[in-house]
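The hints should help you fit chain X onto chain Y, whose structure is shown.
Those protein sequence lines, which keep their order, are chains Y and X. 1 is the number of the first residue of the first sequence in UniProt numbering; add one for each residue after it. 1 is the number of the first residue of the second sequence in UniProt numbering; add one for each residue after it.
Please note that the accuracy of each hint is not assured.
[Stated by the list, open to error] Stretch by stretch, here's where chain X covers chain Y in the computed footprint (C-beta under 8 Å, at least three residues):
{"hint": "1", "region": "68-78"}
{"hint": "2", "region": "91-102"}
{"hint": "3", "region": "113-120"}
{"hint": "4", "region": "269-279"}
{"hint": "5", "region": "294-302"}
Hints in this document: simulated from the structure, not taken from any laboratory. Ideal Cβ placement from N, Cα and C applies to all residues, glycine included.
Letter by letter, the chains look like this.
Number of protein chains: 2
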Amino acid sequence: MIKPVTVYDIAKEANVSVATVSRVLNNSAPVKESTREKIAGIIAKHQFQPNALARSLFKKETGMIGIILPDITNPFFPEVLSGLDIEARSKGYTFFLCDSVSSNRDFTEQYDRETRFLNILMEKQVDGIVLIGGRINLAKPSKEMVQEVVEAGKRVPVLLINGNLPGASLHRVAVDEKKGAELAARHLVELGHRNIAFIGGFKQMSNTIQRIQGFRNVLRESGIKERSDWIRTGGFSVAQGIELAEELLQLPIGERPTALQCANDLVAIGALKAARREGISVPEQLSIVGFDDIPFAAHSIPELTTVSLKCHEVGRTAAGVMDKLITRTKVAKTTILSPELVVRESTAPPAV
Amino acid sequence: MIKPVTVYDIAKEANVSVATVSRVLNNSAPVKESTREKIAGIIAKHQFQPNALARSLFKKETGMIGIILPDITNPFFPEVLSGLDIEARSKGYTFFLCDSVSSNRDFTEQYDRETRFLNILMEKQVDGIVLIGGRINLAKPSKEMVQEVVEAGKRVPVLLINGNLPGASLHRVAVDEKKGAELAARHLVELGHRNIAFIGGFKQMSNTIQRIQGFRNVLRESGIKERSDWIRTGGFSVAQGIELAEELLQLPIGERPTALQCANDLVAIGALKAARREGISVPEQLSIVGFDDIPFAAHSIPELTTVSLKCHEVGRTAAGVMDKLITRTKVAKTTILSPELVVRESTAPPAV
Numbered sequence: 001m002i003k004p005v006t007v008y009d010i011a012k013e014a015n016v017s018v019a020t021v022s023r024v025l026n027n028s029a030p031v032k033e034s035t036r037e038k039i040a041g042i043i044a045k046h047q048f049q050p051n052a053l054a055r056s057l058f059k060k061e062t063g064m065i066g067i068i069l070p071d072i073t074n075p076f077f078p079e080v081l082s083g084l085d086i087e088a089r090s091k092g093y094t095f096f097l098c099d100s101v102s103s104n105r106d107f108t109e110q111y112d113r114e115t116r117f118l119n120i121l122m123e124k125q126v127d128g129i130v131l132i133g134g135r136i137n138l139a140k141p142s143k144e145m146v147q148e149v150v151e152a153g154k155r156v157p158v159l160l161i162n163g164n165l166p167g168a169s170l171h172r173v174a175v176d177e178k179k180g181a182e183l184a185a186r187h188l189v190e191l192g193h194r195n196i197a198f199i200g201g202f203k204q205m206s207n208t209i210q211r212i213q214g215f216r217n218v219l220r221e222s223g224i225k226e227r228s229d230w231i232r233t234g235g236f237s238v239a240q241g242i243e244l245a246e247e248l249l250q251l252p253i254g255e256r257p258t259a260l261q262c263a264n265d266l267v268a269i270g271a272l273k274a275a276r277r278e279g280i281s282v283p284e285q286l287s288i289v290g291f292d293d294i295p296f297a298a299h300s301i302p303e304l305t306t307v308s309l310k311c312h313e314v315g316r317t318a319a320g321v322m323d324k325l326i327t328r329t330k331v332a333k334t335t336i337l338s339p340e341l342v343v344r345e346s347t348a349p350p351a352v
Numbered sequence: 001m002i003k004p005v006t007v008y009d010i011a012k013e014a015n016v017s018v019a020t021v022s023r024v025l026n027n028s029a030p031v032k033e034s035t036r037e038k039i040a041g042i043i044a045k046h047q048f049q050p051n052a053l054a055r056s057l058f059k060k061e062t063g064m065i066g067i068i069l070p071d072i073t074n075p076f077f078p079e080v081l082s083g084l085d086i087e088a089r090s091k092g093y094t095f096f097l098c099d100s101v102s103s104n105r106d107f108t109e110q111y112d113r114e115t116r117f118l119n120i121l122m123e124k125q126v127d128g129i130v131l132i133g134g135r136i137n138l139a140k141p142s143k144e145m146v147q148e149v150v151e152a153g154k155r156v157p158v159l160l161i162n163g164n165l166p167g168a169s170l171h172r173v174a175v176d177e178k179k180g181a182e183l184a185a186r187h188l189v190e191l192g193h194r195n196i197a198f199i200g201g202f203k204q205m206s207n208t209i210q211r212i213q214g215f216r217n218v219l220r221e222s223g224i225k226e227r228s229d230w231i232r233t234g235g236f237s238v239a240q241g242i243e244l245a246e247e248l249l250q251l252p253i254g255e256r257p258t259a260l261q262c263a264n265d266l267v268a269i270g271a272l273k274a275a276r277r278e279g280i281s282v283p284e285q286l287s288i289v290g291f292d293d294i295p296f297a298a299h300s301i302p303e304l305t306t307v308s309l310k311c312h313e314v315g316r317t318a319a320g321v322m323d324k325l326i327t328r329t330k331v332a333k334t335t336i337l338s339p340e341l342v343v344r345e346s347t348a349p350p351a352v
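The following block holds chain Y by itself, in its conformation from the complex (with noise of 0.2 Å):
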């Protein structure tokens, strides 16, 4: 093992003290300008690795944005990452993702995870936090959740991903989920579908509740009586899809809805399952509507018409929003982009 270079290695071939070291180190006292740049240099000069805090401080900045996110299974995680990556690697950042999905899916460890990752990236001074999912998609965050998150910004540029905490006042980037869920239902509607159900996500969680009152609208002013049991939440994964598919699937022909909105693409592709076990072609007997446009929606059999969240220019504005709140430069405080209609095979006018 190389022995990394310390305080005293750098005081001794200044031929300074250590205290004058520190002075610049953590510069927290003034130190003569030429003293200054012979210990930068020095330490500069040396093969072995100067430490991250000894870099940031005399660089004012580590160049990396820690990024937390719940699960990076869930391939629309990613895809936001990619255009995040993306923009902010052309402006010199570089990111850590830090995954805060709990072993067994248990909310409140996901939540604790989150404040040890809040935590662990004030310490290793990172630029910038971008938080996207978790605990900023809850429709009613605890204070603490929501304090530990103003605390961050206080210290470090925050930004919100497609959530929000109530009161926080934090940068936000983000879709317009409820328009989203306007355009999947209209969709729907205009195909002649009249029964149709919304399945997938969870009802305490903001995403989830922007989606339904998007369906719920459509559905309002289209004059179609609203089911309260043919909207059915559970999760965002196909497992849930396939679960909550079937249950609607398994009524009879003629009770049973002829067009599924689902939460997201996940749960899309587990109704796709669910019709083809049930033997229900799709979308000739039934029609199904993805959210999200993650890649696999284009590579499902049929292909999945879905809504687009536009993953990567959320992930690009969201590098953009990033830089300047790290160069300190006037930005908006919420960014909305628009979500967009995409047709594919998984839907047609409902069978006569």
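Positioned in the frame of chain Y, the structure of chain X alone reads:
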């Protein structure tokens, strides 16, 4: 902004010199035990975040593991990570993910980013670094590429997953990929296929070379004449799968393969789509085998027959090995896991 605690505040409160605090922080010279404890106590009690460096020097470890991977949008990696994370978390570690993917799939840029991440992780004083994919999958990496990782391994435990660096003598956890490819090919041969093509992967990568070797071994042992134009590489994506499969499926019936062995599941999903475009039904007219067993292999229609690389088990095993490296417990240099054939719906005997 809250003013961070500096070495000066600590020294003042502990009623010792800055040099003494520095000695404790750097662990560089003896300090009376009672004084050391007093200083540690003052830092610990502060509401302010002690900086990461100070913490890690007190604790002798940061509890952080950095993972460098080549493309988070390939679902194979999130699956391995999720196994790794569950196991490592139970041992008290936290992860940073570093995605080296280049914006335009430029490999030179990707390997440069790996170098940058290696340096950053060392600066951030992580306890260990895991490499998966990227340069460690190259059959012939440059000397510099190997040397950089060897140097990192001198400072901090480095573990390679499913790859290798010739001559580097680093710890590895890997699945026997050649054996996996043999399982897939033998399955097709046992179903009665004699006209089998291999598609996907990159010919300069050791993972592809091993998978093709396994494929060819089985053809040879089965007395099937190999056709070099039926081994087609070009990438690991769905788009590549579509393109490579199209080339073969556009050949006239009787002259085209009756089965496709794919370099990974994404390529197989592309092959499913190509077959559908050409009006060829799977598995009746064409058998398709994937590789990896990502979640979408079970979500596609028809569900993919594939080779499980046991992502979760690889991840969990890697976390265990990394923990042993960090705690300096003896552990085997190389751990090889066995892959497993998973028969689902995309394979059947050839049409007569």
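We went through each hint and held it up to the structure:
| no. | hint | result |
| --- | --- | --- |
| 1 | 68-78 | holds (count 4) |
| 2 | 91-102 | holds (count 7) |
| 3 | 113-120 | holds (count 4) |
| 4 | 269-279 | holds (count 5) |
| 5 | 294-302 | holds (count 5) |
The structure agrees with every numbered hint stated previously.
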